[in-house]
Amino acid sequence: MNAAPMNTTVTTPVEREHALHLLHQMLRIRRFEARAAELYGAMKIRGFLHLYDGEEAVAVGVMEALTPDDNIVATYREHGHALARGISAGAIMAEMYGKQEGCARGRGGSMHLFDAATRFYGGNAIVGGCLPLAIGFALADKMRGQERITCCFFGDGAVAEGEFHESMNLAALWRLPVLFLCENNLYAMGTALERHQSVTDLTRKAASYDVPAAAVDGQDVLAVEAAARTAVAAVRSGAGPYFLECRTYRFRGHSAFDTELYRTKDEVEQWKQRDPIRLFIHLLMDEGLLSETDLAELERKVADEIEAAVAFAEAGTWEPVEDLERFVYSERRSP
Amino acid sequence: MPVLTFLEAIRSALHDAMAADQRIIVLGEDVAVKGGVFLATDGLLARFGEHRVIDMPIAEAAIVGVAIGAAIHGLLPVAEIQFADYIYPAIDQILNEAARLRYRSNGDWSCPIVVRAPFGAGIHGALYHSQSVEALFTSTPGIKVVVPSTPADAKGLLITAIHDPDPVVFFEHKQLYRSVRGDVPDGMYREPIGKAAVRRSGDDLSVFSYGLMVHYALTAAEQLAADGIDAEVIDLRTLAPLDRHTILASVAKTGRALIVHEDTLTGGVGGEIAALIAEHAFEYLDAPVRRLGAPDVFAAPFADPLEAHFMLNPQKIAAAMRDLAAY
Ligand SMILES: Cc1ncc(C[n+]2csc(CCOP(=O)(O)OP(=O)(O)O)c2C)c(N)n1
Ligand SMILES: [Mg+2]
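Top to bottom, those sequences are chains D and G.
Residue numbering for the first sequence follows my numbering, beginning at 6 and increasing consecutively.
Residue numbering for the second sequence follows my numbering, beginning at 62 and increasing consecutively.
Hints in this document: simulated from the structure, not taken from any laboratory.
For clarity, every value in this text was computed on a predicted model and none was experimentally measured.
Worth double-checking, as some hints may not be accurate.
[To be verified] Coverage of chain G stretches by chain D, computed from C-beta distances (three or more under 8 Å per stretch; other residues unrestricted): (1) 85-96; (2) 181-187; (3) 337-351; (4) 361-368.
[What the hints assert, rightly or not] Derived contacts from chain D toward chain G, CB cut-off under 8 Å, selection only: (5) TYR45; (6) ALA47; (7) ARG51; (8) GLY103; (9) GLY111; (10) ILE131; (11) GLU152; (12) ARG200; (13) ALA212; (14) LEU329; (15) VAL333.
Glycine included, every Cβ here is placed at the ideal spot set by N, Cα and C.
Only chain D is shown next, with the shape it has when bound in the complex (with noise of 0.2 Å):
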C-alpha cells in the first residue's frame, strides 16, 4: 500500500544549536502558512494558493545542505523554499498580496517567488517546464568553472512529463552538478502515484539513466538533511547528477480549492500522525534539548516575525500601471 508513512524512526544524534535551528526553520514555514490561509480566507491574498504543511521537513532539511552559492529552482508549492532558502518572509508576504515590495514586484503571487539574491529561480507554475532550465544552469556553470550546484525541486507529477526524462538523460550524459530533488507526496493534484506511474518506485527511474538515487523518510528532517549531505556531497565531487526522493505527504488540499475526494479521512489521519514539526519536538524534548520553554520561545520569535510580514505586506504598495508593459523586453537598446 503506497499511501502508508513510512515508519523509520527519527535520527540521532543532534547537536542543541543545530536542532533547534531546524524547529526554527520548520515553525516559520507553518505559521507562514497558515497566516497565508487565513489571509485567504479574508480575500487579502487572491489566486491560487499551494500549501506546504506536512512537507516542511524536505525544504528545510535539504536547505541545510546546500551553500548560498548554489541555484534553487522550485515549484509553484514553494512558500517553504523561499523561506528555508532566506527570502525575507515580508518579501514573500508582499508578494503574495501582489505589492511592489514582494520579492517578484507583485506581478507574481504566491506560484512565482523569484529572488536573484538567494538564487532562487521560482516559484514555476509549469509543471516539468523548469527541469531543462536546470540542466542549463549546471551546463553553463560547469562550463564556466564555477563550483555551485543547482537544486531542482519537483513532485511526483512531474516525472510523467517528457521534459524530466529529457533532463535526466542530459544530466548523467554530461555529468552536470545536478541535485534532482523529488517531493512524493503520493498525489498529483487528485491523482494517485500509483494511478499515473508503472513503475512506483521513482528512484527506479534514476537507475534507467544510471544516475544515482536514493529515497528518504521526508517527515524526519535530520534524516531529509542526512541524505541531501550525501547526494550534495555526491554532486559537488563532480560524479554528476543525483536523485533524492523524499517520501512525505501534503496534509491541506492541493490548492484552495479541493474537496480532496481522491483520499480517505484516515489516510490523512494516518499521515498526521508523522507530522514533521511534532515528531521532532517529540524527539528533542526527549532527548532533553528542548524545553517548554525554548518552544513557546522559538513560537513567539516566529509569531513576531510573520506579524511583522503581515503588515509589512498591508503596507506595501501597487505598482503604478503605467508600469505595465516594463520588462518584457530589456531596458537597455539594442546595439
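Using the hints, position chain G with the ligands against chain D.
Just chain G with the ligands now, kept in the frame of chain D:
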C-alpha cells in the same frame, strides 16, 4: 427549458453526447476521480466508467497524442487541457500531427478530436493561469477553433465539435463557467461551427468579439444606446474558419468595425478580421477598422491593479465604440 450555467452546459454536452455514442471518450488530468479542476467532467466517471473517462498523468503531449491515435482508430476523444496555459507541450501534437493528418494521408485518415481548454484572465491566476492562446491555433489550417460565449452555444457547439470530422480546439472562458446562466435545451442539439451569431443588431457600428468579451461588448452597447448610438454586436463563436459572410454583411450595413478581444493586440485574431474587412469591404467603410485588445504583455500580472489594467471591461469597450462612432 432548463437554465444552466456555462459549466453545467459543458457537462451536459459531454454527458448527453457520451450517452448517445459509445465511441466518445474523455481524457485529461484529473478529469475522472476529481471531475476536473473546474468540475466540468464531474459525474462522468460514475456514469460511464473508467474506460471512457480517463485520468491522465501530467503529460499534455501524450494526452493529445493518444487522443489523435484513438481518433484515427475509430474513437471520438475529447481531451482536456486543464488550463490553456498548459497546452504548449501538446502544440506539436495538435499542429504537426492532428492538423495535417488528413492532408498528408490524402484524405484516407481523419482526426476527429476535440481539445477543450479553459482560458482567460480576471481570476487572479497570474502569468500561467490567465492566458488566451487561440491565436496560436488560428494560423494553422486543418484546425477548427471554437470559443462559445453562452451556455446554449457551449453545449450545442461542443456536441458539434465532438462529431466534427476534423480536429477542434475548444476554448472555454473560465470566468464564464459560473457567472453566466441561460436556457439550454435538454438532450442532443447542434450549433454550427463556422457560423457567427448576431447578438444585438444595430446600424451605426459593428463590434466583433468572442468569449467573455461578447458580454462586455453587449453591456457597452447598451450604454451607447442610451446616447442614441445603435451598435451591432457579433459573437464570432468560431475563429477558424471565420464566418466571413456574417462579418462582411455587418460591415456593409454599418460601415464601421471594431474588433474586441481579451488576447494581446499584436498577432491576435483581430488582425485577421481587420485584413478581411480591408480586402473585401473597403468600399463600405466610413472609418478605419479599429481593434481593441490587451496591451502586449503576458496575461496577466498578479497584482490587482495591473490585472485590471490589462483586462478589457465594458467601459473601455464603450469608449472605443464611441470613438469609432464619432469618426
Ligand atoms: C504543464 C502543466 N500541466 C498541468 C498543470 C496543473 N497542475 C498543477 S500542479 C499539478 C499536480 C502536480 O503534482 P506534483 O508534481 O506531484 O506536485 P504536488 O502538487 O503534489 O506538490 C497539476 C496537474 C501545470 N501546472 N502545468
Ligand atoms: Mg505530488
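Here is how each hint holds up against the structure:
1. With a cut-off of 8 Å between beta carbons, the stretch 85-96 of chain G has 4 residues touching chain D; three or more are needed, and the interface restraint holds.
2. Note: the stretch 181-187 of chain G has 4 residues with beta-carbon separation from chain D under 8 Å; the three-residue rule is met and the coverage holds.
3. Counting residues of the stretch 337-351 of chain G whose CB lies closer than 8 Å to any CB of chain D gives 0, so the stated coverage by that chain is violated, three being the minimum.
4. Residues of the stretch 361-368 of chain G lying with their CB closer than 8 Å to a CB of chain D number 6, which satisfies the three-residue condition for coverage.
5. Among the interface hints, the one on TYR45 of chain D is violated; its C-beta lies about 11 Å from the nearest C-beta in chain G, farther than the 8 Å criterion.
6. The interface hint given for ALA47 of chain D is broken, as the beta carbon of that residue sits about 14 Å from the closest beta carbon of chain G, more than 8 Å.
7. A hinted interface residue such as ARG51 of chain D counts as satisfied when its beta carbon comes closer than 8 Å to some beta carbon of chain G; here the least separation is about 4 Å, so the hint holds.
8. Residue-level restraint check for GLY103 of chain D holds (minimum Cβ-Cβ distance to chain G is 4 Å; threshold 8 Å).
9. Taken as an interface hint, GLY111 of chain D checks out: its beta carbon lies about 4 Å from the nearest beta carbon of chain G, inside 8 Å.
10. With a least beta-carbon distance of about 6 Å to chain G, the hint placing ILE131 of chain D at the interface is held under the 8 Å criterion.
11. Because the beta carbon of GLU152 of chain D sits about 33 Å from the nearest beta carbon in chain G, more than 8 Å, this interface hint is broken.
12. Using the Cβ-Cβ criterion of 8 Å, the hint placing ARG200 of chain D at the interface with chain G is satisfied: the shortest such distance is roughly 6 Å.
13. About 20 Å separates the beta-carbon of ALA212 of chain D from the nearest beta-carbon of chain G, more than 8 Å, and the hint is not met.
14. Because the smallest distance between the Cβ of LEU329 of chain D and any Cβ of chain G comes to about 6 Å, under 8 Å, the interface hint for this residue holds.
15. Look at VAL333 of chain D: its Cβ gets to within about 5 Å of chain G, closer than 8 Å, so that hint holds up.
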